Amino acid sequence: MKTKKNARHVRAFWLFITPCLLLFGIFFIIPLFLSVGFAFTDYDGWKTMNFIGLRNFKELLVDNKFYSALTRTFFYTLFSLPFKVIVPLLVAYLVTSKKVLGKGFARTLAFVPSLLSALVVGITINWMFSTEYGLVNFLLSVMGITPMEWALNSYLATFVISFASNWASTGFFMVIFIGGLNNIPKDVYEAAAIDGSRGVRTFLKITVPMLAPTTFLVTLLATVNLLKEFALVQGITQGGPGLKTTYIIQFIFDKGFSQMQYGYASATSLVAMIIFGFVAFVQFKVSKGGEQ
Amino acid sequence: MKKFFSALLLSSISAVLLLGMVSCSKETSGSTGPKELKVMLSEEPSTGDALSEALNRWAEATGNTVNIMVIPYDDQLTKFPLMAKNNDLPDVIATTRLSMLYPDEFLDLSEYFDRALFEQSAIDMINQIWDSDDIYALPQQFTITNVYYNADAFEKAGIAVPTVDNPWTLEDLAKNAKLLQEKGGVKYGMAMDASRARYDNLMYVNGGSLVEKNGAKFSVTVNSPENINTLAEFVEWNNEFMPKAIWAGGTNDNPADYFKNGNVGVYFSGSWNYNTFYTQIKDMNWGVMPSPVGPNGGSSILGGSGLAVPTNAENAELGIEFLKWFYSEDNFQEYLNTDKGLSSMVGITYSPEDPKVKEDYRVLQSEVPKLPNAFVVDESSMWRNYYDNEYRDALKQAVNGDITPKAALDGFALLLSKKSGWALEY
Numbered sequence: 001m002k003t004k005k006n007a008r009h010v011r012a013f014w015l016f017i018t019p020c021l022l023l024f025g026i027f028f029i030i031p032l033f034l035s036v037g038f039a040f041t042d043y044d045g046w047k048t049m050n051f052i053g054l055r056n057f058k059e060l061l062v063d064n065k066f067y068s069a070l071t072r073t074f075f076y077t078l079f080s081l082p083f084k085v086i087v088p089l090l091v092a093y094l095v096t097s098k099k100v101l102g103k104g105f106a107r108t109l110a111f112v113p114s115l116l117s118a119l120v121v122g123i124t125i126n127w128m129f130s131t132e133y134g135l136v137n138f139l140l141s142v143m144g145i146t147p148m149e150w151a152l153n154s155y156l157a158t159f160v161i162s163f164a165s166n167w168a169s170t171g172f173f174m175v176i177f178i179g180g181l182n183n184i185p186k187d188v189y190e191a192a193a194i195d196g197s198r199g200v201r202t203f204l205k206i207t208v209p210m211l212a213p214t215t216f217l218v219t220l221l222a223t224v225n226l227l228k229e230f231a232l233v234q235g236i237t238q239g240g241p242g243l244k245t246t247y248i249i250q251f252i253f254d255k256g257f258s259q260m261q262y263g264y265a266s267a268t269s270l271v272a273m274i275i276f277g278f279v280a281f282v283q284f285k286v287s288k289g290g291e292q
Numbered sequence: 001m002k003k004f005f006s007a008l009l010l011s012s013i014s015a016v017l018l019l020g021m022v023s024c025s026k027e028t029s030g031s032t033g034p035k036e037l038k039v040m041l042s043e044e045p046s047t048g049d050a051l052s053e054a055l056n057r058w059a060e061a062t063g064n065t066v067n068i069m070v071i072p073y074d075d076q077l078t079k080f081p082l083m084a085k086n087n088d089l090p091d092v093i094a095t096t097r098l099s100m101l102y103p104d105e106f107l108d109l110s111e112y113f114d115r116a117l118f119e120q121s122a123i124d125m126i127n128q129i130w131d132s133d134d135i136y137a138l139p140q141q142f143t144i145t146n147v148y149y150n151a152d153a154f155e156k157a158g159i160a161v162p163t164v165d166n167p168w169t170l171e172d173l174a175k176n177a178k179l180l181q182e183k184g185g186v187k188y189g190m191a192m193d194a195s196r197a198r199y200d201n202l203m204y205v206n207g208g209s210l211v212e213k214n215g216a217k218f219s220v221t222v223n224s225p226e227n228i229n230t231l232a233e234f235v236e237w238n239n240e241f242m243p244k245a246i247w248a249g250g251t252n253d254n255p256a257d258y259f260k261n262g263n264v265g266v267y268f269s270g271s272w273n274y275n276t277f278y279t280q281i282k283d284m285n286w287g288v289m290p291s292p293v294g295p296n297g298g299s300s301i302l303g304g305s306g307l308a309v310p311t312n313a314e315n316a317e318l319g320i321e322f323l324k325w326f327y328s329e330d331n332f333q334e335y336l337n338t339d340k341g342l343s344s345m346v347g348i349t350y351s352p353e354d355p356k357v358k359e360d361y362r363v364l365q366s367e368v369p370k371l372p373n374a375f376v377v378d379e380s381s382m383w384r385n386y387y388d389n390e391y392r393d394a395l396k397q398a399v400n401g402d403i404t405p406k407a408a409l410d411g412f413a414l415l416l417s418k419k420s421g422w423a424l425e426y
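For the record, the sequence lines run as chains A and B. According to my numbering, the stretch in the first sequence is residues 1 to 292, in order. According to my numbering, the stretch in the second sequence is residues 1 to 426, in order.
Incorrect hints may have been included.
Unchecked claim - With a straight-line cut-off of 20 angstroms between C-alpha atoms, the simulated DMTMM-like cross-links for lysine to aspartate or glutamate are:
| # | chain 1 | residue 1 | chain 2 | residue 2 |
| --- | --- | --- | --- | --- |
| 1 | B | K183 | B | E155 |
| 2 | B | K418 | B | E212 |
| 3 | B | K418 | A | E190 |
| 4 | A | K47 | B | E329 |
| 5 | B | K419 | A | D42 |
| 6 | B | K324 | B | E334 |
| 7 | A | K65 | B | D165 |
| 8 | B | K356 | B | D134 |
| 9 | B | K79 | B | E334 |
| 10 | A | K47 | A | D63 |
| 11 | B | K324 | B | D134 |
| 12 | B | K418 | A | D195 |
| 13 | B | K85 | A | E59 |
| 14 | B | K419 | A | E59 |
| 15 | B | K418 | A | E59 |
These aren't lab readings, by the way, just hints derived from the structure by calculation. This structure is a prediction, so every number in the text was calculated from the model and none was measured.
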């Protein structure tokens, strides 16, 4: 009887996970293996595909543009990561606080941008930060302030992309933090209140430590998202000014889809994947997966 | 009751299957009835678009239908191989590069059309097959890099418009662009599309070239002293009187909008913009002026879009049928009248009634014979098949001040030389 029940459970298990496994296999595992294979060829996306051994990797090792793109990617990630984690945490804390009115409306407002596609976000941000016809520069000039050259200064351009990325992701990470906040037992707060802890002190000494696993998850997801930022950059700066906002995925995309060097692009993405994997591994090790 | 529902379900399924079979057999055996022509365009046709109007007229005249799919030029490069692999190709493609990149995938149209029907420069430029008489794309929109001017700003700044007989030099251009910015009421003296063809116009005027032909081989000359000087001057222009972000590459703004809004005095673009400007600009007087000349004489960069028929298209014959209709005298004349563009067919010209358009058209036509030999050599090398974006990236970095003009062109020259196997001249 028990064996029959177990067999039914096993069957149900496979039935449930099969669609997901199929999609994961078709859209992730197979392309991953193909990409690894292409990395050792001069594949042009169609008819040419010769095995060239490690030539792509050798070229990559002396490609200054690759190193520049990778460095820029890490700079952008380091710059944006604190905002990606802290802003949603504060917003989540506010919209779960008993003292704040209209929490449902505030949550909706914060969440809506995360529903938009990167393309729409890019168009909206362009509309706001365009040097010539942008809303922000218009408001600055109305206030008598010299309009900013958002598209010409690499730091301003990076800021605009980071702002757009944060605006679009805050709602999503806020929801994760709300889940984490709701899981903190109320009696912990009650005990802290009895001991005289209030406001910021309670937030720093109780909320933040208790949210460590959630914060770890958000940090990991945000890091991965930032390292592979692409659509927003294409929509806002197209990698400029010069190549100052050309991050690693742009570099790969350009090599593959614009220059038809699929082999070289695959080799680059393989190297990038290993580096990103190492970053995630370090995050796990340093934070111990947020468990302590 | 249960039996009744079962019978109803069974008969419904049978009916659906039968209908499906009938419609399938219609599609496959419909050699006599109306057919569908699948056409791939590179942008959504605007109201009054000449090609889509021609397609509609053809559909009306023949009883066939037209199914337009829009895939932007850059995406065509990646989508076309996928479509070819999946045997899902359109019957006619409006393209600039596909037939040049993948000649084996297109029908040789010289079997159906006499080369002599077309203007020599138009068919050379759009077909881009330099080493044989095969024709894989027929010229549809024949364009030229040209210069638009804001007549109101010229008047305000007291600047006389250059004429075909008395064109500006590059020095005149720079001097007047500054003057337009100071006195013409425009924000920028000059703007240019972020297209290497616009920039190359300046390069040829100064006597530069991307490659040189030595016997049967090419050598790379993109980093010649003439070209480095041209780029250095261009960087200065961007710092002084051009909207730098367009060429530095930090914005998606279209400089055509700057011109249409009256913010630009002189605008380098393509003749394909003429019809749009004619239709859309209502609050400003504008016109077309001849390109500047330099030590090496004039320069004209030709280009445009061609119509090609993939060999493995489902209705390739229908595609040929459409092309024969399109390139008949009356139909092409009607297309040209709507397009207001340069003619790619011998003996067919656009004769505008509006005197302003007539004058502009005369200026545009006068540009065509100024084609420099260096441009033809560069095109025949097909250097873009090795690298394209890298060239623009090098120019972008120089304009943004990240690297010097010499470093930018030296870097690109080295890349091109390595990939093509052509020797470096400098």
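How the hints compare with the structure:
no. : hint            : verdict
1   : B/K183 - B/E155 : 10 angstroms, holds
2   : B/K418 - B/E212 : 16 angstroms, holds
3   : B/K418 - A/E190 : 71 angstroms, violated
4   : A/K47 - B/E329  : 39 angstroms, violated
5   : B/K419 - A/D42  : 12 angstroms, holds
6   : B/K324 - B/E334 : 15 angstroms, holds
7   : A/K65 - B/D165  : 47 angstroms, violated
8   : B/K356 - B/D134 : 39 angstroms, violated
9   : B/K79 - B/E334  : 32 angstroms, violated
10  : A/K47 - A/D63   : 26 angstroms, violated
11  : B/K324 - B/D134 : 17 angstroms, holds
12  : B/K418 - A/D195 : 73 angstroms, violated
13  : B/K85 - A/E59   : 30 angstroms, violated
14  : B/K419 - A/E59  : 12 angstroms, holds
15  : B/K418 - A/E59  : 12 angstroms, holds
Going down the numbered hints, you'll see the structure goes against 3, 4, 7, 8, 9, 10, 12, 13, while the others check out.
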